[in-house]
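S.K.: Sequence:
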Amino acid sequence: MKTYLLIHRIRIQNANAMSSPYTIGFPAMTAWLGAVHALQRSVQQNGLERVSMLKTAVSCHTFHLHTYRGKGDAFQSIIGTANPLNKDGERPSFIEEARCHLEISLLIEVAGVDGDNKNEVIDFVQSQLHRMKMAGGDILSFRHIELLFVDANDLTQVRACLRKLMPGYVLVERRDLMTAAMNNENDALGAVLDSTKVSYVGKADETGNVQWRAEKAPGWIVPIAVGFHGISELGKVPNQRDETQEHRFAESVVTLGEFKMPYRFQSLDEMMWSYSTDLDQDLYVCKNQQ
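Residue numbers for the sequence shown follow our numbering, beginning at 1 and rising by one.
FYI, nobody ran anything at the bench for these hints, they're computed from the structure. Treat the hints with care, as some may be off.
Listed next, the in silico DSBU-like pairs over lysine-lysine satisfying Cα-Cα at most 35 Å (straight line) [what the hints assert, rightly or not]:
#	residue 1	residue 2
1	236	71
2	118	260
3	133	197
4	260	287
5	287	164
6	164	118
7	164	197
8	133	236
9	216	203
10	197	260
11	2	216
12	216	287
13	236	287
14	2	133
15	287	2
16	260	2
17	133	87
18	71	260
19	260	216
20	164	133
21	118	133
22	71	197
23	287	197
Input sequences plus hints: build the corresponding full structure.
M.R.: See below:
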């Protein structure tokens with residue numbers, strides 16, 4: 001029997017849509033796990049030290065990316081915000097940031113929650129959500145919070161939990177596509193491009209008419225950022241934010257993911273994400289349990 005905290009229909013405004021260093025879209029999984037980690041720290045610092053949030057799944061219900069394509073434009077442009085005019089009446093320089101409005105549900109596997117403290121946990125999480133951000137965006141509202149006790153071997157209970165995430169799309173990792181492409185002597189960037197491109201193939205019939213057919217990899221495949229790879233040795237640097245911790249430079253780790261409807265999963269573990277650290281390879285990443 002596992003315990004899950006389900007937060008229904010969180011409406012978020014102006015979330016960070018930089019899903020990877022190369023793409024904009026649905027916020028990276030590091031943003032969602034970071035929000036859950038911040039929520040866990042707040043819970044533990046307020047008298048609920050036994051409560052831990054182990055794994056997380058995100059179901060996206062609505063998504064609106066702030067882009068614009070004018071009539072005749074070949075590409076979309078980011079709809080950004082600008083700073084107020086300065087004393088000379090000029091617009092100060094600013095960095096364009098991709099933003100989005102979205103509505104998601106969070107399914108969090110928790111430990112240390114029982115009949116004695118479940119109401120206290122729900123009440124605190126409900127009050128804390130009004131004071132925090134998620135993926136860099138402001139939380140406008142959420143419907144309700146509930147605790148679910150699910151037997152992983154009981155398919156009826158699993159299906160009942162999955163229905164609570166509908167209608168929506170759950171993001172999972174498709175590292176297998178990257179591995180297969182790179183085993184065929186393709187590099188990592190080529191594997192991402194080949195898996196996400198749409199090719200149009202034309203075939204002429206007996207009369208000379210050409211029929212065009214779109215070909216792409218099956219499924220809703222997208223590039224996603226899942227963590228960081230250290231590129232320098234651990235050490236201390238001047239003026240670092242936290243003087244008690246060692247510092248290192250890192251680069252983003254990008255792989256492939258897939259959006260799937262919840263009813264396609266056979267277990268809840270298939271959609272869950274958690275932190276993973278591999279110090280031998282200097283990797284600090286989020287891993288999908290499937």
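S.K.: Each hint: holds or not?
M.R.: So, going through the hints one by one against the coordinates:
For the hint linking residue 236 to residue 71, the alpha-carbon distance of about 52 Å lies beyond 35 Å, and the restraint is violated. Distance check on the hinted pair: residue 118 and residue 260 sit about 31 Å apart at the alpha-carbon level, within 35 Å; holds. Restraint check for residue 133 and residue 197: the C-alpha separation of about 33 Å stays at or below 35 Å, so the hint holds. This hinted pair checks out: residue 260 and residue 287 have alpha carbons roughly 17 Å apart, not beyond 35 Å.
Proposed proximity of residue 287 and residue 164 is supported: the alpha carbons are some 23 Å apart, at most 35 Å. Of the supplied pair hints, the one linking residue 164 and residue 118 holds, its CA atoms being roughly 20 Å apart against a limit of 35 Å. Distance restraint check for residue 164 and residue 197: the Cα-Cα separation of roughly 32 Å lies within the 35 Å cut-off, and the hinted pair is therefore satisfied. Annotation: proposed proximity of residue 133 to residue 236 holds, straight-line Cα distance about 30 Å (limit 35 Å).
Straight-line distance between C-alpha atoms of residue 216 and residue 203 comes to about 17 Å, which keeps the hinted pair within the 35 Å bound. Between residue 197 and residue 260, the direct Cα distance comes to roughly 18 Å. Compliance with the 35 Å bound is thereby established for this hinted pair. Distance hint between residue 2 and residue 216 is unfulfilled; the C-alpha atoms sit about 38 Å from each other, more than 35 Å. The hinted pair formed by residue 216 and residue 287 meets the criterion: a straight-line CA distance of about 25 Å does not exceed 35 Å.
Annotation: proposed proximity of residue 236 to residue 287 holds, straight-line Cα distance about 28 Å (limit 35 Å). A threshold of 35 Å between alpha carbons decides the hint, and for residue 2 with residue 133 the separation of about 27 Å falls inside it, so the pair holds. Taking the CA atoms of residue 287 and residue 2, the gap is about 20 Å. The hint holds against a cut of 35 Å. Distance check on the hinted pair: residue 260 and residue 2 sit about 23 Å apart at the alpha-carbon level, within 35 Å; holds.
At roughly 32 Å between alpha-carbon atoms, residue 133 and residue 87 fall within 35 Å of each other, so this suggested pair holds. For the suggested pair residue 71 and residue 260, the alpha carbons sit about 33 Å apart, so the restraint of at most 35 Å is met. Annotation: proposed proximity of residue 260 to residue 216 holds, straight-line Cα distance about 16 Å (limit 35 Å). For the given pair, residue 164 sits about 23 Å from residue 133 by alpha-carbon distance, which is consistent with the 35 Å threshold.
Between residue 118 and residue 133, the direct Cα distance comes to roughly 23 Å. Compliance with the 35 Å bound is thereby established for this hinted pair. Pair hint residue 71 plus residue 197 holds up; C-alpha atoms about 24 Å apart against a cutoff of 35 Å. As the CA atoms of residue 287 and residue 197 are separated by approximately 24 Å, the hinted pair is consistent with the 35 Å bound.
Going through the hint list in order, the structure does not satisfy hints 1 and 11.
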